[in-house]
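> Protein chains in written order, with the numbering used here: chain A, 49 to 385; chain B, 49 to 385; chain C, 49 to 385.
Mixed in with the good hints there might be a few duds.
The list treats identical chains as one, so a pair stands whether inside a single copy or across any two.
Here are the simulated EDC-like pairs of lysine to aspartate or glutamate, each with C-alpha atoms no more than 16 Å apart in a straight line [as the list claims (entries may be wrong)]:
1) Lys177 / Glu380
2) Lys358 / Asp371
3) Lys93 / Asp321
4) Lys136 / Glu73
5) Lys358 / Glu343
FYI, nobody ran anything at the bench for these hints, they're computed from the structure.
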Amino acid sequence: MSHTLEELASDVGGRVEGDATCVIENVASLASAGPRQISFYTGGKHKTALANTQAGAVILCDKHLSATTNNCLVVSNPLLAFALIAAKLNPVESKSGIHPDASVDETASIDASAYIGAQSVIGADVEIKAGVVIEPSCVVEQKCVIGENSFLHANVTLNHGTRIGKNTIIYSGAVIGGDGFGMANNEGRWIKIPQLGIVDIGDDVEVGANTTIDRGALDDTVIGNGVKLDNQIQIAHNVRIGDHTAIAGCVGIAGSVVIGRYCTIAGGVGITDQVQIADNVHITATSLVTQSITESGAYSSGTPLQENAKWQRNYVRFTQLDDIAKRLKRIETELKK
Amino acid sequence: MSHTLEELASDVGGRVEGDATCVIENVASLASAGPRQISFYTGGKHKTALANTQAGAVILCDKHLSATTNNCLVVSNPLLAFALIAAKLNPVESKSGIHPDASVDETASIDASAYIGAQSVIGADVEIKAGVVIEPSCVVEQKCVIGENSFLHANVTLNHGTRIGKNTIIYSGAVIGGDGFGMANNEGRWIKIPQLGIVDIGDDVEVGANTTIDRGALDDTVIGNGVKLDNQIQIAHNVRIGDHTAIAGCVGIAGSVVIGRYCTIAGGVGITDQVQIADNVHITATSLVTQSITESGAYSSGTPLQENAKWQRNYVRFTQLDDIAKRLKRIETELKK
Amino acid sequence: MSHTLEELASDVGGRVEGDATCVIENVASLASAGPRQISFYTGGKHKTALANTQAGAVILCDKHLSATTNNCLVVSNPLLAFALIAAKLNPVESKSGIHPDASVDETASIDASAYIGAQSVIGADVEIKAGVVIEPSCVVEQKCVIGENSFLHANVTLNHGTRIGKNTIIYSGAVIGGDGFGMANNEGRWIKIPQLGIVDIGDDVEVGANTTIDRGALDDTVIGNGVKLDNQIQIAHNVRIGDHTAIAGCVGIAGSVVIGRYCTIAGGVGITDQVQIADNVHITATSLVTQSITESGAYSSGTPLQENAKWQRNYVRFTQLDDIAKRLKRIETELKK
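Start from the sequences and build out the full structure, keeping to the hints where you can.
Printed below as a string of structure tokens:
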């Protein structure tokens with residue numbers, strides 16, 4: 049798998065500065081790349097690494113061209129060009145067929161071009177479309193539907209009725225379609241409310257390792273097209289996530305939350321039930337969202353890290369904050385007199 | 049599966065307003081229900097949906113009866129009645145037998161009415177009681193005991209010696225009985241302390257998807273009857289959770305914490321080791337509990353979400369809070385003079 | 049499995065006070081121990097339990113010797129001595145061979161002393177060294193290497209190319225080597241960046257249940273020797289964790305974070321991307337770290353738990369904190385005049 053720099057530039061709509069015949073076999077970081085590897089630079093702290101790189105070529109934008117004498121592939125979005133070239137040079141190996149150690153229900157419909165790995169279990173009335181890969185030890189329960197070219201890594205669980213679109217990737221340990229946490233209280237005891245909806249996941253989605261997405265109570269839980277979910281996220285019943293929203297690790301989203309399109313939600317954020325979030329909202333790490341957000345923009349909560357001894361003094365004062373505010377007001381009133 | 053409204057009313061101890069012969073086949077939300085479906089209303093923002101619903105009948109309480117002209121099933125606790133009716137109309141399919149692709153140790157004792165799914169592994173000296181369902185790809189290690197009618201969804205792991213009561217449900221990806229995080233420090237290096245207790249789970253418990261419950265170090269980790277645990281919860285060694293307590297997703301509970309009965313702990317809460325929490329305590333989302341709570345009531349910690357630019361100004365001021373309090377005190381003292 | 053107190057004292061370099069011929073069969077807590085069991089005391093609240101224990105002997109240090117009339121094993125580090133004795137009295141059962149229900153690729157190299165459990169899947173070109181135990185239902189993908197005497201509990205996933213050192217323990221549900229969360233943005237849509245590094249885990253490491261460690265984007269994700277990771281931790285791509293650092297449950301560590309040696313990170317901490325943390329840093333529970341820490345020491349963030357009604361008043365005041373500080377400054381200026 050090798051290409052000239054010129055071929056790669058043509059693929060991503062960039063221009064070459066330097067030797068366009070330079071042969072590129074793979075990608076690497078600036079620090080570790082050799083003469084047959086291409087790297088990228090998007091600015092910031094890697095300037096020295098750029099100056100010293102042994103890479104055959106570097107992807108960058110016009111304004112950084114003067115920072116290197118290396119062969120360059122000049123584009124407006126270097127990270128995007130890098131993503132496309134890295135994918136071209138590292139194609140996913142295609143495979144098909146059903147491993148003899150898989151357990152496949154006779155009523156399942158599996159396209160001949162799909163792959164089912166060892167020890168995977170495919171339930172009744174499942175539909176698996178063309179080009180799907182199901183790695184070992186997955187469980188796909190009855191009536192699930194998996195769209196073209198979607199990929200389940202090892203040890204994924206799809207509970208009954210889950211629908212997955214096309215070109216979607218589910219990472220190991222993810223559980224999709226568990227019952228929502230719905231209960232009625234009967235004099236202190238909790239009575240389970242049957243969870244009768246499903247999980248409906250769109251096209252071009254990623255669901256990270258050990259992420260959980262619960263089925264809807266009555267209606268469905270819906271993950272839009274192009275949504276990217278990192279690891280260890282919890283998505284409760286009847287959540288709806290808009291297209292092209294990205295959510296980082298360890299986020300918890302409670303029941304019936306609706307999140308707009310093109311949002312980014314950083315790691316460890318919590319969102320309480322019923323909250324509605326507009327399009328293009330960006331929430332910083334470990335914030336807690338308890339009320340709906342109707343305007344696009346960036347939002348945050350939390351307090352800064354400090355040395356423990358200093359923090360303890362401020363920490364205690366937080367419990368006096370209302371008192372402090374009232375005393376300040378009193379002084380202002382007195383001084384006005 | 050269909051019943052008249054009268055039959056359903058009789059089951060849940062309610063009364064019918066309207067056509068008691070109306071035939072109900074299933075449940076649905078107010079917005080999506082048709083004439084053979086029953087829905088429910090508990091007040092709040094769904095009032096328009098109630099007015100417009102096409103449902104065959106609606107479960108509600110007396111005070112909301114005037115908000116609809118629909119057939120009604122009037123009860124004191126509509127959500128509870130809905131839960132019971134939804135369960136009646138959606139019975140869990142019973143199954144029994146051992147799938148030929150399961151691996152069952154010859155010393156395991158499995159009731160003839162139990163079900164063991166494909167690719168599941170049942171270890172030595174395991175006891176599986178009547179009516180238990182173990183879905184595909186579970187691992188039940190040696191000496192585990194699973195009580196009558198409990199249900200393990202696909203891909204559950206029970207490490208050795210775990211005890212599960214009756215009518216308990218464990219969701220996919222849950223791991224019960226991993227070693228506690230117990231170590232002694234030897235001049236900077238960590239030496240593992242063998243974890244010799246087990247996990248003992250009561251009756252009518254739910255354990256959510258990808259939740260982890262560690263075995264005890266010497267004595268056991270104990271989850272009481274009727275406890276409901278959502279997804280992605282971490283419960284450390286020797287924790288004890290009282291009966292009928294409900295814990296939402298992403299909560300982390302450190303070693304030897306004791307939680308009382310009838311508590312509710314909202315999503316993302318952290319509880320540090322050794323903390324003891326009384327009965328009927330309610331903790332709001334993402335609070336951190338570092339000291340024991342001896343009185344029932346509601347408790348919280350944390351700071352509000354704000355637009356990022358405003359938040360940053362307040363965020364920085366938090367580090368000055370002790371200084372602010374002292375300066376305020378000084379002014380008060382001066383002004384008194 | 050029984051030993052005299054004298055033998056145990058000799059093993060751990062301690063001295064006996066009392067009957068050195070006392071026979072010990074196992075360990076137990078002070079409250080539950082009987083005459084053939086040894087317990088330990090490290091001070092603090094268990095003093096009454098120490099006075100009342102029925103244990104055959106107690107491990108403690110000199111200064112607590114006067115608190116009991118029991119047989120004692122006196123050492124400088126009682127918890128460490130207890131860990132060593134508990135391990136001696138509870139040896140891990142050794143086993144070897146490949147279970148007939150495992151799926152092993154013919155190109156995998158598996159030492160004759162290793163064990164592969166039922167339903168586990170071992171991929172192409174995997175190397176499994178002497179004494180390794182792989183419990184049921186694990187997936188070890190192509191080109192993984194697992195060092196001597198390492199132990200995979202049931203349902204572990206090692207994605208392709210993962211390297212595990214010697215004497216390392218991975219708990220159930222852990223996923224090692226999933227793709228990092230790396231994407232380029234193309235006019236609002238996210239384009240996946242192939243993740244081409246691996247995860248490289250050292251010797252004597254523990255990885256807790258349902259913990260996830262992502263593979264590097266270009267270079268590798270590296271977990272040093274002696275690192276101890278609790279359950280439900282998320283470690284993103286290209287993180288590097290120094291030797292002998294211990295991290296508690298539910299911690300989230302974003303991309304390219306570098307953590308030093310001998311650190312402790314308490315439960316629920318979040319660390320944002322690119323942060324660098326020095327050696328011997330200790331971070332308290334649920335803190336958020338957004339900037340590098342260059343000095344060893346203890347660090348914290350967060351606000352205290354309060355009764356909900358009191359908390360709400362202070363919570364609101366947090367949004368006025370910058371205003372409070374400015375008004376205070378104004379008063380100070382006025383008063384100086």
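> Next, verify each hint and record whether it holds.
Against the structure, the hints come out as follows:
1. Taking identical chains as interchangeable, the C-alpha atoms of Lys177 and Glu380 are never at most 16 Å apart, the minima being 71 Å within one chain and 73 Å between chains.
2. For a Cα distance limit of 16 Å, the shortest separation of Lys358 from Asp371 across copies, 10 Å, qualifies, whereas the shortest one inside one copy, 21 Å, does not.
3. For the identical chains of this complex, Lys93 and Asp321 are inter-copy neighbours only, at 14 Å across copies versus 40 Å inside a copy, given an alpha-carbon limit of 16 Å.
4. Taking identical chains as interchangeable, the C-alpha atoms of Lys136 and Glu73 lie at most 16 Å apart only when both belong to the same chain, with a minimum of 10 Å there against 53 Å between chains.
5. Taking the shortest Cα distances, Lys358 and Glu343 sit within 16 Å of each other only across copies (15 Å), while inside one copy they are farther apart (36 Å).
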